[in-house]
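K.L.:
This is what each chain is made of:
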Amino acid sequence: VQGEDAPAESTDGAKTVALRLDYAYYNPASLVLRQQKWLETELAGKGVTVSWQLSAGSNKANEALRAEAIDVGSTAGAAALVARANGSPIKTIDVFSQPEWAAIVVPKDSTVSSVAQLKGKKIAATKGTDPYFFLLQALDEAGLKPADVTVTNLQHADGKTALERGDVDAWAGLDPLMATSEVDAGSKLIYRNVGFNSYGVLNAREKFLAEHPDLAQAVVNAYEKARQWIKDNPDQAVALYAKEAKISEPVAKAVLTERTRLDIDPVPGAAQKAVFEKILPVLVADANVKSEADARTAIDTLFEPKYATARTVS
Amino acid sequence: MSAVPLKISGVAKEFTASGRRHAVLAGVDLEVAAGEVVALLGPSGCGKSTLLRLAGGLDTPTAGSVLVDGEPVREFEPRCAVVFQEPRLLPWRTLARNVAFGLPRDVTGDRARDEVAHWLSVVGLADFARHRPRQVSGGMAQRAALARALARRPGVLLLDEPFAALDALTRLRMQDLLADVQREAGTTVLLVTHDVDEALHLADRIVLLGASPDGPASVRLVLDVPGALPRDRGDAGLAALRSSLLGELGVRTPAAVAP
Amino acid sequence: MSAVPLKISGVAKEFTASGRRHAVLAGVDLEVAAGEVVALLGPSGCGKSTLLRLAGGLDTPTAGSVLVDGEPVREFEPRCAVVFQEPRLLPWRTLARNVAFGLPRDVTGDRARDEVAHWLSVVGLADFARHRPRQVSGGMAQRAALARALARRPGVLLLDEPFAALDALTRLRMQDLLADVQREAGTTVLLVTHDVDEALHLADRIVLLGASPDGPASVRLVLDVPGALPRDRGDAGLAALRSSLLGELGVRTPAAVAP
Amino acid sequence: MTVPHIGRIAAGALLPAAILVVWQLAASAGIYSAAQLPPPGEVLSALGELVRRGELWHHLAISTQRVLIGFAAGSALGLTLGGLVGLSRAASAVISPTVQAIRAVPSLAWVPLLLLWLGIGETPKIVLVAIGAFFPVYTTVSAALAHIDPHLIEVGRAYGRRGLPLLATVLFPAATPAILSGLRLGLAQGWLFLVAAELIASSMGLGFLLIDSQNTGRTDVMLLAIILLAVLGKLSDTLLGVVSKRAVTV
Amino acid sequence: MTVPHIGRIAAGALLPAAILVVWQLAASAGIYSAAQLPPPGEVLSALGELVRRGELWHHLAISTQRVLIGFAAGSALGLTLGGLVGLSRAASAVISPTVQAIRAVPSLAWVPLLLLWLGIGETPKIVLVAIGAFFPVYTTVSAALAHIDPHLIEVGRAYGRRGLPLLATVLFPAATPAILSGLRLGLAQGWLFLVAAELIASSMGLGFLLIDSQNTGRTDVMLLAIILLAVLGKLSDTLLGVVSKRAVTV
Ligand SMILES: Nc1ncnc2c1ncn2[C@@H]1O[C@H](COP(=O)(O)OP(=O)(O)OP(=O)(O)O)[C@@H](O)[C@H]1O
Ligand SMILES: Nc1ncnc2c1ncn2[C@@H]1O[C@H](COP(=O)(O)OP(=O)(O)OP(=O)(O)O)[C@@H](O)[C@H]1O
Ligand SMILES: [Mg+2]
Ligand SMILES: [Mg+2]
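Chains as they are written, first to last, in the working numbering: chain A, 1 to 314; chain B, 1001 to 1259; chain C, 2001 to 2259; chain D, 3001 to 3250; chain E, 4001 to 4250.
The shape of chain A in the complex, shown without the other chains (with noise of 0.2 angstroms):
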C-alpha cells in the first residue's frame, strides 16, 4: 500500500524544493488552502513541491517544527511562545483568526452560572493549552486565585467525558469538543471572552525564513485569500469544515461562523503581546518554561511580522 513518504524528489537532477506545510481542524484556513490548491498551483512554475501534514494540535506542530519535518506549522499563540522559550527556532509570521475556542463549560443541570461560583469546584482542564491559560484569566478576573480551584489535568476529549460523567464541576473546553457538547449533552458555556484566547498563529522555522523568504511571503499570502474566501463562501466552508474534522455542519457552523474572528490584522504584534504578558506568570509557575527570562525574551523575539505586513492577494 501506498504509504505516506514524501513524494519521491525529482529525478532529473533539477533542484525542486519543497514546501511542507501543516494543516489543522483549529486553522479552517489551512483546510481550505489544502483543497484548493492554490498555493499548489502557483508555486508549480517555480519547481516547488508542496506537501500537507495534519497537527492534531498546537503541541504536534510544534513537536514537527522542532523536528524540522515541516517548514509552517499553526499553533495557538501561547503555545508558539513556550516552544520559543524553550529553545524552539521559530518566528510568527501570520495571525491566522481571533479564535473563541476556549471557554469554561459546566454540564447541563449544573447550578454554577458565573466564575465566581467556581471557588472550591473541581474543574479539568489540559495543562499548557489555550483553555487552561483561558481558564486562569477567567479566574483572576473573577477575584480568585488557582489555589481556589482544583484544577484536574485531562485531554481535551477526557474533560468532555468527565464533565458529562459528572466527575468534574466545570471544564475549560475546546472546540470543536466543546461545541459538540453544547449540542449532545447540553451542556452550558457559562463564561466566554475572546480576548482571553491567544489567537491563531501560523510560525516558520528561522532557517526556512532565512533561506526561502519568497515562500514564506507566498504562505502569507495564500492565508490572506483563504481567509477571504471563508469570508465569501460562509456555507461552502462549514460544509468543507465539517467533512474534514468529521464534526456535524451545526456544530462546525457554530465554531466556524459564531466563534472564530478571521477578519482581524494578520500581522503579529501587540495584540498578542498582551495576552502574552497575561499568561507569562502562569508559564513560569507551572515550569513551562525554564525561566520568566527566556520568556520574556521570547515575547520580544517571536514575532516576525514583515511578511504579513507586505502581504498581498494574489
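The set of hints was computed from the structure by calculation and includes no laboratory data.
Remember, predicted model here, so these are calculated numbers, not experimental data.
Don't take each hint at face value.
Simulated coverage check for chain C against chain B, where a stretch passes if three residues somewhere in it have a Cβ under 8 angstroms from a Cβ of chain B [stated by the list, open to error]: (1) 2010-2019; (2) 2035-2044; (3) 2102-2116; (4) 2166-2172; (5) 2218-2229.
Every beta carbon over 12 angstroms from chain E, so not counted as near; a handful from chain B, in silico [what the hints assert, rightly or not]: (6) Pro1087; (7) Glu1115; (8) Asp1127.
Using N, Cα and C, we set each Cβ at its ideal position, and we do this for glycine too.
With the hints as your guide, set chains B, C, D and E with the ligands onto chain A.
P.N.:
Chains B, C, D and E with the ligands only, in chain A's frame:
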C-alpha cells in the same frame, strides 16, 4: 494403604502415529490378586509399558476395562504408585523433595521428614538428599524414583524395569529391598522386567507378553513360579524354568548349549 | 573415520552440589588403543558416566588430561560419538531425523537417506522411522540412540549402558550388532555396562572402577579377557573370570555357592 | 483438538456476543449518553460511512502493512539479538541491561525522537512498530534459550554442533514454544505501538482514526477503530499461529 | 556466574556509556539544536531543577506505586486466567479468542473507556497499568502450560495430583522460566501503559512529566522523563528477577 487386587479384562490399545493407526495391545486379560507379585516379560516394544500405564490409569484403553480393587481405575489414581521406565524425577526438586512427592497426602510434618529420610537411606541415597536429579547418576536417579514410589505405600505398585540402570550388586540389593517391602506391607506388585532371573526371584507368577508378527500383543504365556518367597537365587530347581522362559523369549541359553 | 586411540591420564573430577565439594574421580589413568574395546564396570554412582563424559569432551576434568588421537579432546568433539545412559533423542525430530543427526557432516542427500534407512533397519526400527521419540518404547528409543551413534562412524565410540533397556533377546542381537560393526570398522569402543556377561562377551579388556568408601573413585582392576573376538557366549573358560569379576563387584555368584 | 472445529468457533464467539449484549443494554439504558457510549448500531453505521467514503480499506491496508513490515523487522532483530544473548554470556552482560532499560521507554516517548531522527514518512512509523515488536521477542527468546534442558545441548555438542548449527538444530527447536509465544507477544505489541506510530505526522491508518476521532469527539468512530484494531490483532495472531504451526510440523 | 559480579556491572555499563558519549557528541556537533537534542548536561540540570522544586520524589513515587499495584493485580489475574486456559480446553476455547482480540486494544484507546467507566482518580490509572501487565503474563503462562513435558504431567497424575495441586506442584514449577519471562514482560508493559494511564486526570508521575514536557517543548525534561522511566523500568525488572530467583530456589 493395604494391598488391593488389580483386574485387567479384554484390554486393547491402539495408537495413531504419523497418520497410521497401530494396534499395540488386544484382548489382554490379567488378574493380579491382592498381595501378589506378577512379573511381565516380553520383547522390546511389545507393549509392556503401555499395559502398565493403562493399569495405572495414565492412559485409557481403546477397549476393555481396568479395575483396581473392583472399581474402574481413575485418571488421577491415588491407590497406585508407578516407577516409570525413566526416573522422571521433577528436576526442580531435590531428591528428598522428590521422594516427598510420593508420600500419601495425610503424611505431613515431622512424619513426612522421617519417612523421606527412611526411604532415601534404604535405597542408599541418604548422602544425596539435597542433590538435584541432574546432579546424580542414572542409577541413583532410578533408586530415587523407587523410593518415591515406595514412600507412597500404595495398594498397587507398578514397576517398569526399575532396576535396569543398576550394577549387579546394587540391583540384587534393590531386589531384596523390594521383596522385603512387599512381604511386610503385602503390596500388590506388577513388575515389568527384561531380566528372567529377576522375574524368577521376585514373582509369584510370570506373564509373557507377545505378539503375532506385527499384530497386537496379548498374554502369550502365564507361568506359576514354584517355591515360596523369598527364594534363594541359587535355587537349582528354577534352572529349567529359566531355560524354558529364555527359550520362549528366543534366547538359546548357554546351559542348553553346554554338553 | 578410522579408529583412533584414547588416552586418559591422571584425570580427577570434583563437583559442587548443594554447597559442598564432592570428589568423584581421582587419578584415573586409562589407555584405549585404536580399535580396542574396553568395558568399564563399577557400582552405581561411582563415576562411570562422568568418566565417559570427560572422554567425550562434554565436561572438563578438574585435573589431568584426555587425549583423542594424541590431541586434547575438544569441547565440540567431532571424532567421538556418544550413546548416553538415557536415549536423549531430540523430541521434535522423528527417529529417522534423530539418526540423521548423527551422520558426519559430509554425508548428505541420497547417501544420507540410505545411511539412515540402513541403521534404522539394523536396530530393528525400519517401521518406526517417522515416529517421534515420545511415540516409541524405552527400548526402541535406546536402539535409535545407538543407531544415531553408529551412523556417525566415529573414531571413538563411547557407550553408556546402551543395552540396559532391552529384553534378553534384543540385547543379544544388539551386542552382536555392535561386535560386527566394531569388527568391520575397527572402531575404538569404551563401553560402560553393569552386565558382566556383556563385558566378557564384547571387550578386549575390562576396567573396574571403584572407590575407597566415600572417597573418589579410580581404576581398581584391569582384566585382559582371553580369547579372540567374537567370543562364544557359552565359553566355559570365562566362567571363572565371570565369578571373580562378580566377586570383585560384591556379588556372591550361584556358581560359587553351589557345591 | 478434541473439541471439533465448529464447536471451538462457537465457544470463542460466546464472550464477544455477551459483550455485545451488555454494550447494547448499557447504551440503551440511558446511563451513558450517545456521545459517551453510542450503541452498537451507531458504530455499525460509522463503519458504513467509512466504507461509503472508500476510506476504510485504505486505513486497514496501511495499518496492516505497517504492522507486518515492522513486526518482520523487529522480530527478526529480536530473534538475532535474543539468540546472541542466549548463547553468549559476554553478549548478555553487555547488551541485556541496556535493552531491559530501553524496554521501559514508552511508545509515546519514541515519537519525538523518531521524528527527529527519521523525519516523517513511512520509515519512522515502521521503525516504531519494529521497536514494539522487538522487545517481547528478544526477552522471550533470550530467556528461553537460557533455560533449555542442558542434556539436549550436550547431545548437540557430543555430535559436533556448535555456534549456528547448534542454534539451528538444538536450541531454537527446543525453545520453539517459548519463541512462538514471544512472537505472538511481539506482534501484539506491534499493534499497540502502531497507534503511537500513527501519531507521527499521519493522516491514515487505524491508529490515526482512533486518535483523530478522540480529538474530534466522534465516539462512534473511536469505538469502531478499537474494534477494528482488536479484530485485525486477533486475525494476525491467528494467522501467525497457523503459519508457525505449519513451520514447526514440517 | 563465571563472570564476577563487578565485571558484570562494568560490562553492563559499557553500552550506556557509549550511548552517553554519542549523545554528547551529537549534541555538541551542532547537527541538532538544543531544542531538538539538548546535551546530557542540560538534562542533568533539569533533574537538578526538579529536585530543587521538590517534585522529583513525588513523580517517582506515585508512578512506581501505580506500576507496582497495577502490576500486582494484572499479573495475578494473568496467572489465574492463564492457568485456567492452560489447564482446561473448554476455558481456552471460550476465553482465549476474546482475550487475544482485546490484547490489540492500545493503551491510548483504553483511556476514554476507563474514564467513562471508572471516572478520574487513582483507580482507572491502576486498572490501565493492570491491563498492560495482564496480557503478557496471560499469554506466556497459558502458552507455557500448554507445552509442558507430558511425561512430567504424567508423574503428577500417577501420584494423585489433579487440579490445583497439579498446578502448584508440577505445572507452575515446570513452566517457571517461561512464567518469569512473562512476568518481566508484564512489568515492562505495565510501565509502558503507565504513560497512557497518567493521561487520565493526572498532574504527577513520570508519564505526566513526559507528556507535559512534550506539549511544552521542554526537550530536556522530556529526555529526563524517558531516562527516569528507563532506569525505574530496569530497576524494577532487576528487583523482580532477584525476588523470583529467591522464590524459585527456596
Ligand atoms: N552435575 C553434577 N553435579 C554434582 N554432582 C554430580 C554431577 N554429575 C554427577 N555427579 C556425581 O558424580 C557421581 C558419579 O556420577 P556418575 O553419573 O558418573 O555415576 P555412574 O557411575 O554413571 O553411576 P550409574 O551406574 O548409576 O549411572 C555421583 O555421586 C553424582 O552425584
Ligand atoms: N504415544 C504413542 N503414540 C504412538 N505409539 C505409541 C505411543 N506410545 C507407545 N507407542 C507404541 O506402542 C508400542 C509399545 O510401546 P511400549 O512402550 O509399551 O513398549 P515396551 O513393551 O514397554 O517396550 P520396551 O521394553 O522397549 O520398553 C511401541 O510400538 C510404540 O511405538
Ligand atoms: Mg517400556
Ligand atoms: Mg551412569
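K.L.:
Confirm or reject each hint.
P.N.:
Right, here's what the structure says about each hint:
1. 2010-2019: Since three or more residues must qualify, the claim that chain B covers the region 2010-2019 of chain C holds, with 3 doing so at under 8 angstroms.
2. 2035-2044: holds (count 4)
3. 2102-2116: violated (count 0)
4. 2166-2172: Our answer is that it holds, as 7 residues pass the Cβ test (under 8 angstroms) against chain B, meeting three.
5. 2218-2229: Our answer is that it is violated, as 0 residues pass the Cβ test (under 8 angstroms) against chain B, missing three.
6. Pro1087: Not fine: 10 angstroms to the nearest Cβ puts proline 1087/B too close to chain E.
7. Glu1115: holds, 14 angstroms
8. Asp1127: holds, 21 angstroms
Comparing the model with each numbered hint stated earlier shows that hints 3, 5 and 6 do not hold.
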